[in-house]
Every structure is written in C-alpha cells, then in structure tokens.
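J.: In case you want the letters, here they are:
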Amino acid sequence: MGQVGIIANPASGKDIRRLVAYGTIFDNQEKVNIVRRLILSLAASGIKKIVYMPEYYGIVPGAVDSICGRHRPDIEIVQADICLSGTQIDSFYAAEVMARCGVACIVTLGGDGTNRMVAKGCRNVPLLPISTGTNNVFPTMIESTIAGLAAGVVAQGLVTGAPAINPSKKLIIYKNGEPVDIALVDAVVLNDTFIGSRAVWDAERITKIVVTRGEPHNIGISAIAGNLAPVTPYDDLGLVIEIGPGNLQVRAPIAPGLNEQIPVRNYHYINVGEVIEVAAPCVIALDGEREVEVRPGDDAQIKLTFEGPKVIKAEEVLRAAVAKGYSYRNM
Amino acid sequence: MELKKEKLLGFYETMMTIRAFESKAVELFADNQLPGFVHLYLGEEAVATGVCASLTNKDYITSTHRGHGHLIAKGGKVDLMMAELFGKATGYCKGKGGSMHIADVELGILGANGIVGAGQPISVGAAFACKYKKTDSVAVCFFGDAASNRGTFHEALNMATIWNLPVVFICENNLYGISNCQRDHMKVTDVADRASAYGIPGVVVDGNDVIAVYEAAAEAIERARRGDGPSLVECKTWRWRGHFEGDPGAYKDPEEQAAWLKKDPIPRFEQKLVELKYATKSELEEIKAKVEKQIDAAILFSQNSPYPNPEDALTDVYAE
Chain A
32 MGQVGIIANP
42 ASGKDIRRLV
52 AYGTIFDNQE
62 KVNIVRRLIL
72 SLAASGIKKI
82 VYMPEYYGIV
92 PGAVDSICGR
102 HRPDIEIVQA
112 DICLSGTQID
122 SFYAAEVMAR
132 CGVACIVTLG
142 GDGTNRMVAK
152 GCRNVPLLPI
162 STGTNNVFPT
172 MIESTIAGLA
182 AGVVAQGLVT
192 GAPAINPSKK
202 LIIYKNGEPV
212 DIALVDAVVL
222 NDTFIGSRAV
232 WDAERITKIV
242 VTRGEPHNIG
252 ISAIAGNLAP
262 VTPYDDLGLV
272 IEIGPGNLQV
282 RAPIAPGLNE
292 QIPVRNYHYI
302 NVGEVIEVAA
312 PCVIALDGER
322 EVEVRPGDDA
332 QIKLTFEGPK
342 VIKAEEVLRA
352 AVAKGYSYRN
362 M
Chain B
6 MELKKEKLLG
16 FYETMMTIRA
26 FESKAVELFA
36 DNQLPGFVHL
46 YLGEEAVATG
56 VCASLTNKDY
66 ITSTHRGHGH
76 LIAKGGKVDL
86 MMAELFGKAT
96 GYCKGKGGSM
106 HIADVELGIL
116 GANGIVGAGQ
126 PISVGAAFAC
136 KYKKTDSVAV
146 CFFGDAASNR
156 GTFHEALNMA
166 TIWNLPVVFI
176 CENNLYGISN
186 CQRDHMKVTD
196 VADRASAYGI
206 PGVVVDGNDV
216 IAVYEAAAEA
226 IERARRGDGP
236 SLVECKTWRW
246 RGHFEGDPGA
256 YKDPEEQAAW
266 LKKDPIPRFE
276 QKLVELKYAT
286 KSELEEIKAK
296 VEKQIDAAIL
306 FSQNSPYPNP
316 EDALTDVYAE
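Protein sequence lines correspond, in order, to chains A and B. Residues 32 to 362 in our numbering are what the first sequence lists, from first letter to last. Residues 6 to 325 in our numbering are what the second sequence lists, from first letter to last.
Some hints here could point you the wrong way.
If you only want the chain B side, here are some residues facing chain A, beta carbon under 7 Å, derived [stated by the list, open to error]:
hint, residue
1, S28
2, S201
3, G204
4, E224
5, G234
So the derived list for chain A, only partly shown, Cβ under 7 Å to chain B, looks like this [to be verified]:
hint, residue
6, L50
7, P85
8, Y87
9, Y124
10, V190
If you are wondering where the hints come from, they were derived from the structure by calculation, not from laboratory data. Beta carbons are placed, not taken as given, at the ideal position from N, Cα and C, and that holds for glycine.
Build the full structure now, drawing on both the sequences and the hints.
T.: Here's what the structure looks like:
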C-alpha cells in the first residue's frame with residue numbers, strides 16, 4: 032500500500048489581499064476540517080500511512096484528534112522529519128523529505144504560492160493540490176473527501192499517467208546566470224524595489240507578465256492572459272504581456288473581487304525553452320508573491336519549461352478507477 | 006507602493022530613535038535611575054514605525070504597557086518621555102504617571118496603558134468620535150497577542166464592526182503574554198483569524214519588516230479613512246527583553262531567541278537601504294549619531310529636572 036504526503040500551509044490565505052481586495056478568509060480551523068475529511072477518505076481507500084508536514088498550528092494532528100472514535104482510522108500518521116522554521120521554506124523541505132521517503136503522491140492545502148514551494152522539492156512525486164489560498168490557478172477547489180479518494184487511488188497505483196496525472200509547465204528565474212527561483216503559473220515584473228508585504232495587487236506597478244497558463248476562468252495576474260490570449264496548462268506555449276499604454280485594454284479579475292481594466296502595450300506567445308529578458312531594477316513576483324529583487328546592474332531572465340510537477344486530476348483518476356471496478360464488487 | 010528616499014530614511018530615523026531610547030532605558034533601569042517599571046520595545050521597532058508612518062496628528066493611537074515605540078513613532082517628544090520615566094516634574098505626566106501612562110492628546114496619543122487590553126475600547130471610542138464629528142481621522146489600537154484573549158478585544162471588535170468605525174487594530178504578536186508562550190494561552194496561532202468572527206479583514210505580516218508593515222497598515226488605515234470600516238493587522242514580531250526590565254525571560258527557548266535576533270528589523274532595513282542605493286553607510290551612521298545625541302540630551306534634561314512636589318500629588322487627578 033502506498034503512502035500519501037500532506038502539506039497543509041497554515042499561513043495561506045492571510046495576506047494583504049484581504050485588505051486591498053476581497054480575498055477568501057481561510058482560518059486554520061477550516062483547514063483542520065478539510066484535512067479531517069481527507070484522512071477519512073485516504074483511510075477508506077486503503078492507505079495505511081500518511082506523512083505530513085509539521086507546522087505551528089498542528090493542522091494534521093488536530094484533524095486526527097478530532098475524528099470521533101467510531102470513525103477513527105487505522106492508519107499510521109507520521110511527521111516529516113524537518114527542522115521547523117515557521118516560514119514558507121518548510122513546505123519545500125517537507126516535500127523533499129516526502130519524496131525521499133517514497134510517498135506516492137502529496138496532497139497540498141494552500142494557494143499558488145504554497146504549491147510553488149512544494150514543487151521545488153517534490154521531484155517526480157505527483158501533487159493533488161486543494162485550494163485554500165488567495166489566487167488559486169494551480170490548485171483546485173475540490174472537496175477533500177473526493178481528493179482523498181483520488182489520492183488513495185493514485186497511491187495504490189491503480190491509475191497512472193494522462194489524462195489522470197499530467198505534467199505541468201514551470202518558469203525558471205535566472206539572476207546573473209544562476210537559476211534562483213521558479214513559478215508554476217506566472218512571473219510578474221514590477222517596478223518596485225522592496226518585497227515588503229509580498230502580495231501583488233497594484234496593477235500600476237506591473238511592467239511585464241510571463242505566464243505558463245491563463246484561462247478566462249482563472250483569477251490573479253494570469254487572468255490577464257486568460258482574457259487576452261488563453262493558454263491552457265497543456266499547451267506547449269506560454270504568453271508574455273507588456274503592460275502599459277497601447278491599443279488594448281483587458282478586463283480581468285486580478286484579485287478576488289477586483290475586475291480591473293489593464294492597459295496592454297503588446298503580447299506574444301513563447302515556446303517551451305524560450306527565454307525572456309527582464310530589465311533591472313525591479314522585483315519579480317512569482318505565483319502572486321513578490322520574491323526576487325533584481326538590483327541595478329543585475330542580469331535577469333525568465334525561461335519557460337515543461338518541467339513542473341506532475342499534477343493529479345481527481346475527476347479523471349476516479350473515473351478511470353471506477354472503470355476498473357475500484358468502487359464496487361459483485362455480490 | 007512607491008517609496009521615496011526621504012520617507013525611507015524617515016523610517017530608519019524613527020526605528021533608530023526607538024532603539025536608542027530603549028537601549029538607554031536598559032542601562033538607566035539597571036543603574037536604578039528609573040523609579041518605576043519599564044516594558045521595553047526593543048526588537049519591535051518596525052511595527053510602530055511602519056504603522057504610524059500613515060498617521061497624522063489628527064489621527065489617534067491607543068498604546069500598551071510596552072508603549073515607548075508607539076509614542077516615539079507618533080511624534081512623542083523624547084525629552085518629555087524620558088523625564089516621565091525618571092519621575093520628574095518635566096515629564097509628560099509631571100512625573101506622576103511613569104512609563105505606562107504617557108499621553109499627548111495634541112499628537113493624538115491617547116495614552117500608554119498599564120491594563121492589558123484597555124486600549125481597545127478606548128480606540129473604538131476615539132473612532133466613534135471621528136465618525137460622529139465627520140472628520141476623516143482614524144484611530145489605531147496597538148495591542149499584544151495575549152490582549153486578544155481579553156473580553157475588551159471581542160467587545161471592541163464587535164462594536165467597531167457594528168458601527169463600521171474607522172479603527173485599525175494592530176496586533177503586535179511577539180509570541181509571549183508575560184511568560185506564557187502563545188501556544189499555551191490560545192488555540193489559534195494567527196490572531197488575525199479572530200477577525201473573521203466579526204466579519205472584518207484580518208491579515209498577517211512580517212512585523213520585523215518595516216516595509217511590509219507599512220504597506221499593510223497604509224492600506225488598512227486608508228480603508229478606515231474612506232469609511233470602509235475596521236480591520237485587523239497582525240504583525241509577527243519578538244521582544245528581545247523580558248516582559249519588563251528585571252525579568253530575565255528564562256521561559257524563552259534560547260534557540261528561538263537566537264533565531265529571532267537574527268531577524269532584527271534594523272540591520273535588515275539598513276542592508277536594503279544600502280544595497281538599493283537609497284543611502285550610504287555613512288549617511289545611516291549620521292542618522293544614528295544624531296538620534297543618540299537626542300537621547301543623551303533627553304537623559305541630561307531628565308537628570309537635571311526636579312521631582313514633583315509632594316503637595317501636587319492630587320493635582321490632575323480629578324476634573325475641576
């Protein structure tokens with residue numbers, strides 16, 4: 032029986048976009064509730080071991096403790112052996128540990144930013160991302176009961192490959208010739224100098240956007256691409272958009288509740304492997320969070336690749352599993 | 006958010022003034038020159054600085070027992086503050102209030118406060134006055150993590166929400182309520198989570214990053230000013246010293262203390278200012294020397310000031 036990893040980010044869903052936009056308020060007790068249902072479904076699907084990321088709130092232990100006696104699962108639940116820092120780097124280390132100890136898939140609770148950190152460490156282990164962040168393009172709004180069943184199917188090897196498990200794209204950020212960070216959805220170049228409160232909400236600060244994907248039903252900066260020249264997660268393409276006065280205005284939901292008119296100077300598709308130059312100085316936001324400071328004199332580029340993490344599509348997994356008789360038996 | 010050199014250096018000067026004031030208070034208390042308790046703000050300078058940068062003298066703050074940083078950031082005069090710590094007649098409260106009761110209504114400082122959580126309802130009252138008088142002023146309430154366990158916190162948030170008042174609640178979460186670690190005195194780890202119970206936004210920022218605090222507080226204050234109601238900004242930070250001077254803080258994990266000391270908000274900011282060419286090291290040294298001189302002058306002023314007369318003990322106690 033396969034093992035499943037759980038990385039639940041206690042810090043997701045609390046950034047400044049609750050002030051400047053209308054971001055979801057996701058308290059940690061709700062994450063406990065989500066994980067409780069996840070664990071029950073993993074147990075129901077036959078999983079015997081879960082490895083979880085420790086964090087300051089204790090989301091997974093809280094979920095286990097609150098499952099009532101008659102539903103308490105017979106499942107080994109162990110903490111990933113990481114040195115807790117209380118910062119986003121914990122998600123990266125936890126994913127690394129889980130990949131090393133052989134989990135068959137990792138269920139994440141967070142937004143695009145959380146999954147970006149997990150993707151840095153998860154190697155070839157597929158992710159099943161449940162949305163609890165702010166701008167959620169990479170993770171999916173999915174009931175955790177269903178996510179748990181799908182993760183259980185994957186962990187037991189009952190379903191493999193596309194269309195249930197798919198590769199994803201990734202942007203690699205280079206500074207002075209060295210890869211310094213990645214993004215799964217978008218890299219946004221801002222004429223800021225400080226990382227500060229991290230989130231991106233002021234469209235007037237944006238000069239350039241590079242996306243791996245962007246569809247009209249997305250929210251966040253990648254929604255500008257989605258409302259201009261959509262790119263699906265499966266296309267061998269990305270899109271570059273130069274922001275500024277031009278012949279185009281694009282209306283896009285750039286943050287929860289914020290549908291803004293964005294002036295577009297020009298845009299073009301890019302192929303996998305292509306590299307985009309970034310002018311210094313600037314700050315580059317990755318998947319919604321200001322992360323990389325490009326100082327005067329620095330040399331920076333963004334490269335589109337198809338080397339992102341494998342992603343589990345729960346509905347396809349379960350459809351394939353049912354076709355194989357996973358959920359019923361003849362009496 | 007665009008930030009000019011002048012503003013950034015202003016942040017630096019405020020943080021350095023707080024640092025210099027509090028560092029001297031450590032020495033003066035140890036030297037028995039300060040007659041009352043002092044609760045120091047060392048390590049938390051970025052919070053008061055980042056928040057008060059968006060306030061004017063027409064805006065109000067309520068402070069706490071650990072209030073020196075708030076008062077300095079809001080424009081409090083360091084000589085009058087220091088004289089009050091010395092218990093001298095030239096102090097803000099004529100030497101009769103001490104560290105925990107300093108106020109300056111002209112500057113909108115409605116007082117430090119010796120009672121945990123007492124500033125919260127006062128800030129709501131001030132915000133009500135702003136709304137009632139149709140000014141565009143706002144009230145900002147500083148409080149600690151443990152103060153969010155007090156009934157006053159819940160009453161204040163409830164009333165502020167019901168009346169949609171222009172108040173911003175700033176939680177300085179330094180992870181300890183006196184000697185109690187936060188995980189031992191509350192179930193939630195983010196005080197900001199409590200905002201949702203009152204239907205208002207609650208956000209978390211790095212309280213040791215003055216820019217992060219400034220950005221979040223500026224948005225919250227602007228939101229309140231334009232009539233969109235209260236919000237809660239939680240700033241994660243760390244107090245370097247014990248709860249009060251004389252408390253060795255032995256209940257803190259030394260490793261945790263060491264990790265937080267590495268996140269000292271001032272060197273972090275200094276490094277950015279220099280790297281991004283907003284200032285040279287010598288410019289920052291000049292600011293540091295200037296504020297240290299001010300604090301030395303404040304100490305001299307305090308030492309040379311008289312104690313209040315015993316016969317004045319009951320003046321300023323009752324309204325006339």
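J.: Taking each numbered hint in turn, which are not upheld by the structure, reported in ascending numerical order?
T.: The structure breaks hints 1, 3, 5, 7, 9 and 10; every other hint is satisfied.
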